[in-house]
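Chain by chain, the residues:
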Amino acid sequence: MKTTPHNHACGNADHRISRRQMLGTLGGAVGFGSLLQPAFAKEIKKQEKRVCLIWLDGGMSQYESWHPLPNSKFAGPFRNIKTSIPGIHFSELMPHTAKIAHKISVIRSMETKDPNHSTGVPRVQRGDPLDRGVDYPYLGSAIAKLLGPANPGLPPYLWIKPGNGGFIHREAGFLGTRYGAMALGDGRPPVHIQRPDSISAELDAARNALRQKANERFKAYRGASEIDAYETSYDMALQLMARKDIFDDAQLGPKDKERYGSHPLGRHILRARQLLEAGVRFVKVNSYHWDTHGDNFNMSQRLVPQIDQPFAALINDLEDRGLLDHTLVVLMSEFGRTPIINSRLGRDHWPDCWSIGLAGCGIKRGAIIGKTTKDGAFVDGEGYDIGHLFHTIFTLLGINPDKTHYRHKGQKLAIANDECEPIKEVMM
Amino acid sequence: MIAPALDVKKTWVSRELKHNRQLFRAQFSPDGKFIAAGGQDKLVHAWELEGENKMTFDAHKTWVSSLTFHPKAKCLFTADYLGVIHCWDYESGGKPKWTIPNADQDNVRALVVTPDGKYLLSAGDDAIIKVWNPANGKPLTQLAGHTECIFSLAISPDGKHLVSGDLLGCVRQWNLGNWKPVRELNAKILHTRLDNFIADVGGARSLAFSNDGKILAVGGMKEAKSNAFCPGKPTVLIFDWASGKQKIELGIKGKSDGPFNALRFLEDGTLIGHTEILHTNSELTFWKTDTPDPLHSISNGSAYDLSLHPDGRQLLVPTYVSGGASGNGARERHREEYPPNKTSLKIFSLSAKPAEDKKAG
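Protein sequence lines, in the order shown, are assigned to chains A and B.
By numbering that gives the first Met the number 0, the letter at position 228 of the first sequence is numbered 227, and the numbering carries on one by one without gaps.
By numbering that gives the first Met the number 0, the letter at position 205 of the second sequence is numbered 204, and the numbering carries on one by one without gaps.
Rather than coming from a laboratory, the hints here were simulated on the basis of the structure.
Hints may contain errors.
Pairs of lysine-lysine, BS3-like flavour, derived with a Cα cap of 27 Å [stated by the list, open to error]: (1) A:Lys-98 / B:Lys-17; (2) A:Lys-370 / B:Lys-41; (3) B:Lys-159 / B:Lys-244; (4) A:Lys-72 / B:Lys-41; (5) B:Lys-213 / B:Lys-224; (6) B:Lys-179 / B:Lys-224; (7) A:Lys-72 / B:Lys-17; (8) B:Lys-41 / B:Lys-8; (9) B:Lys-17 / A:Lys-373; (10) B:Lys-341 / B:Lys-17; (11) A:Lys-72 / B:Lys-60; (12) B:Lys-341 / A:Lys-373; (13) B:Lys-60 / B:Lys-96; (14) A:Lys-370 / B:Lys-8; (15) A:Lys-81 / B:Lys-246; (16) B:Lys-187 / B:Lys-137; (17) B:Lys-341 / B:Lys-287; (18) B:Lys-8 / B:Lys-213; (19) A:Lys-72 / B:Lys-187; (20) B:Lys-53 / A:Lys-72; (21) B:Lys-341 / A:Lys-72; (22) B:Lys-71 / A:Lys-373; (23) A:Lys-98 / A:Lys-423; (24) B:Lys-246 / B:Lys-32; (25) A:Lys-363 / A:Lys-373; (26) B:Lys-9 / B:Lys-71; (27) A:Lys-373 / B:Lys-41; (28) B:Lys-341 / B:Lys-53; (29) B:Lys-41 / A:Lys-81.
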């Protein structure tokens, strides 16, 4: 296996993450600094761009967040409030984000195609590429492939989600299982991250060597996919075992928990900050139950503050740490919610005109983009599809989507929808 | 004139007033001559039933969340999601007689006036019940004790007690006059917070006393399955008022999956409730409170309020009506015309149609 994981020229086996490189960084490594041998230091500097995708599964209402439009016949009952950008208002449910509006961009003219969760989530997270008969990777897996790990001592793609964790290889699509996500259930490290005292480091290394030997032997006669997934997840667990300091909440500042909130989404975004600081390339944070078909206004009153506070805290903290210019933060769902209020005071699915928040890594500061019809129901002019967002993300990460391709079974595949281009008005 | 006999199984729609926006709250005036309603269009609408004169009162800056009439004076009190209460002379119209700008930190969810007309009470998101002078809107006192937002208020028929219901299913009893807390009734089954929820769901959404004051009904839903669709089992808990013990639980047989947002007792002890459902019909439900299953039900669009006419024979239901564009993702289908949903203020007669009376006679 070759060892140039950061090279993302098209279709090259070099794009793969080197297991040897991953394992080679483990011996005795405790802190990021201990990994910075001269050869690596240069590479790490080149690879320092990171991504945090915050995914509000089910769809957050744009009217109750980014685009309140209180005079619209579709408006909810909440106030709009001033933001730090003159003349721009958000919902009163986002007071913290309103204060940092000048640090972020909001696109209010997303116009995607899929009104269903089951197809919309993969379609959006894959960037809705033109159909070429393959399963495209989700964004985190794509970036793990195209950029490799930002810190060779850490997995490139970690996914913080409620519930259980584990290795989620499905997100990698045709890239192969090794580009899947290591999911951290409830933001916790994988179970058994601590090596038991009864097993010495030497014995542990011997056990791993035996495991690897057995895997090689098994792979020689059978399909490699499952073994790859197994080995990758094992290697990632080993990497995280070497960096258990990242999960040590005692290292957090006394006010961190208060600023992010004690609810799951607050805790998970705080964990994401820790992972990004440690050098994880791509961190996805999921929150579920935003699909407010029923009781949208009572629910939004309780849900939106759960993203408002930690999102603003994350942007501020990344900026304070000098990381915001290198870290792209994307806050989105699979669609927005209907202007029309239904029979249960809910809002249904609305891909026709919705909003997302972006910050960092070359995103303009204080840009509010996109026109809508007066009531906010439809985009006025050309909307942006998810393919445009993928072109934007790749471009900001230094990947030219027009010149970079995947190669799968001899087929040259665009990394983003060929018919789209970057959203220039959101880029510096 | 002798009132027709109550016969809820023969309930029929005797009149409809249409409105082009969703109205959540609607009440008959104490003399039965007016209907007042409010909702999403921020306006308060008053229809004079004889002659169908209509007035519109414009002062709220957001959705109207609650309204109630003074039992004696010609006053209508309306409240909104920004914590504002206005008092209107609903016969002459014009500007509010007085305004309370900060009756709640956020949404005023419930308003009642005591039967003697001495006190106006409001409650909502900040979990504190406020007592006001209905003549001028001046504050009299505040009742603290709830820990979550209050959805519902009701006064006992003897005028001695107030009950209040909150998101957690806690129902509190207070003395009227000295404002002391008396006891707590357990309706916690109407609140759900499963491990994977990110918000509390349900609550004691509605309260009603039987006319003899022996029964308190608490409406809501139990066993919510998520905090997204918020579907659950519409449920009414019947409490013996003297002992404070729950006697029975009432349910429905139909499809509704939202809470009972409104309850009313008839003079013969029949309880009426209304639920909600997504994109299809819910039901107006009638029970005898000693039997869990409904006595009768009528398919009807979702509704959030019920008002009984002073004649005891007519029920006002502000009923959801689809504007024709509901549902997921419109694309080009509705780009030219994408109307909001509407309301039919239905007046149900709770007795047989006159023609049927004759036939039966």
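Here's how the hints hold up against the structure:
1. A:Lys-98 / B:Lys-17: 43 Å, violated
2. A:Lys-370 / B:Lys-41: 26 Å, holds
3. B:Lys-159 / B:Lys-244: 19 Å, holds
4. A:Lys-72 / B:Lys-41: 10 Å, holds
5. B:Lys-213 / B:Lys-224: Status violated; Cα separation ~33 Å.
6. B:Lys-179 / B:Lys-224: 37 Å, violated
7. A:Lys-72 / B:Lys-17: This hinted pair holds, its Cα atoms lying about 17 Å apart.
8. B:Lys-41 / B:Lys-8: Outside the cut-off at roughly 36 Å; violated.
9. B:Lys-17 / A:Lys-373: 25 Å, holds
10. B:Lys-341 / B:Lys-17: 8 Å, holds
11. A:Lys-72 / B:Lys-60: Holds. Lys-72 (chain A) to Lys-60 (chain B) sits at ~13 Å (cutoff 27 Å).
12. B:Lys-341 / A:Lys-373: Roughly 20 Å between the alpha carbons, so the hint for Lys-341 (chain B) and Lys-373 (chain A) holds.
13. B:Lys-60 / B:Lys-96: 17 Å, holds
14. A:Lys-370 / B:Lys-8: Between Lys-370 (chain A) and Lys-8 (chain B) the Cα gap is close to 53 Å, so the pair fails against 27 Å, i.e. violated.
15. A:Lys-81 / B:Lys-246: Since the Cα atoms of Lys-81 (chain A) and Lys-246 (chain B) sit roughly 51 Å apart, the hinted pair is violated (cutoff 27 Å).
16. B:Lys-187 / B:Lys-137: Roughly 34 Å between the alpha carbons, so the hint for Lys-187 (chain B) and Lys-137 (chain B) is violated.
17. B:Lys-341 / B:Lys-287: Cα-Cα ~32 Å, so violated.
18. B:Lys-8 / B:Lys-213: 24 Å, holds
19. A:Lys-72 / B:Lys-187: 36 Å, violated
20. B:Lys-53 / A:Lys-72: Satisfied, since the Cα-Cα distance of roughly 21 Å is no more than 27 Å.
21. B:Lys-341 / A:Lys-72: Holds, at about 12 Å.
22. B:Lys-71 / A:Lys-373: Violated - the C-alpha atoms of Lys-373 (chain A) and Lys-71 (chain B) are around 44 Å apart, more than 27 Å.
23. A:Lys-98 / A:Lys-423: Within the cut-off at roughly 25 Å; holds.
24. B:Lys-246 / B:Lys-32: 37 Å, violated
25. A:Lys-363 / A:Lys-373: 25 Å, holds
26. B:Lys-9 / B:Lys-71: Answer violated: Lys-9 (chain B) to Lys-71 (chain B) is near 32 Å, above 27 Å.
27. A:Lys-373 / B:Lys-41: 18 Å, holds
28. B:Lys-341 / B:Lys-53: 17 Å, holds
29. B:Lys-41 / A:Lys-81: Given that 27 Å is the threshold and the Cα spacing comes to 21 Å, the pair holds.
Hint compliance for this structure: hints 1, 5, 6, 8, 14, 15, 16, 17, 19, 22, 24, 26 are broken, all remaining hints hold.
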